[in-house]
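Please take these sequences and the hints and turn them into a complete structure.
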Amino acid sequence: MLELGFALPELQVPYLDLITGQCYRADFSWDLADAGTVIDEMDGFSKYTDKTMSGGDMVGAFVRERQRESRLTIGGRSVMRFTPAQVASRQYFEILLESYGIPRAKPLSGWKELRSR
Numbered sequence: 049m050l051e052l053g054f055a056l057p058e059l060q061v062p063y064l065d066l067i068t069g070q071c072y073r074a075d076f077s078w079d080l081a082d083a084g085t086v087i088d089e090m091d092g093f094s095k096y097t098d099k100t101m102s103g104g105d106m107v108g109a110f111v112r113e114r115q116r117e118s119r120l121t122i123g124g125r126s127v128m129r130f131t132p133a134q135v136a137s138r139q140y141f142e143i144l145l146e147s148y149g150i151p152r153a154k155p156l157s158g159w160k161e162l163r164s165r
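For the sequence shown, the numbering used here gives the first residue as 49, with consecutive numbering after it.
Just so you know, these hints were derived from the structure itself, not from any lab. Among the clues, some could well be false.
To be verified - Computed beta-carbon distance windows for the label pairs:
| # | residue 1 | residue 2 | range |
| --- | --- | --- | --- |
| 1 | E58 | D91 | 11 to 21 Å |
| 2 | Q70 | R129 | 12 to 22 Å |
| 3 | G53 | R112 | 28 to 38 Å |
| 4 | L50 | G84 | 20 to 30 Å |
| 5 | G69 | A136 | 32 to 42 Å |
Don't be surprised by glycine CBs; every beta carbon is placed ideally from N, CA and C.
So this is what it looks like as structure tokens:
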């Protein structure tokens, strides 16, 4: 996101499930003045396939994730999902971020130096 010049997101923002009272943390989040809130969720496959993460129930893990996403959209928030492989395709990822209206920011000076630390 940063290398492509997009605005810095907030990280691990808590959102309250108004139905159950459970708190969910979004991977990335932007509050956009005119377009509401966009929540980014990085999808890995281990939460479905690793028995210690899925509780041994891949279908149940998938259903819980779908429920979580439906709660995150309460109030008009948008959820953008992507995989690590999609992030690796700079062109794809740039188009995805633009499609959701994520604003551009001035590129960070020294980003490459910061990343190598």
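Outcome of the hint check:
no., hint, verdict
1, E58 / D91: 11 to 21 Å, "19 Å, holds"
2, Q70 / R129: 12 to 22 Å, "20 Å, holds"
3, G53 / R112: 28 to 38 Å, "35 Å, holds"
4, L50 / G84: 20 to 30 Å, "22 Å, holds"
5, G69 / A136: 32 to 42 Å, "37 Å, holds"
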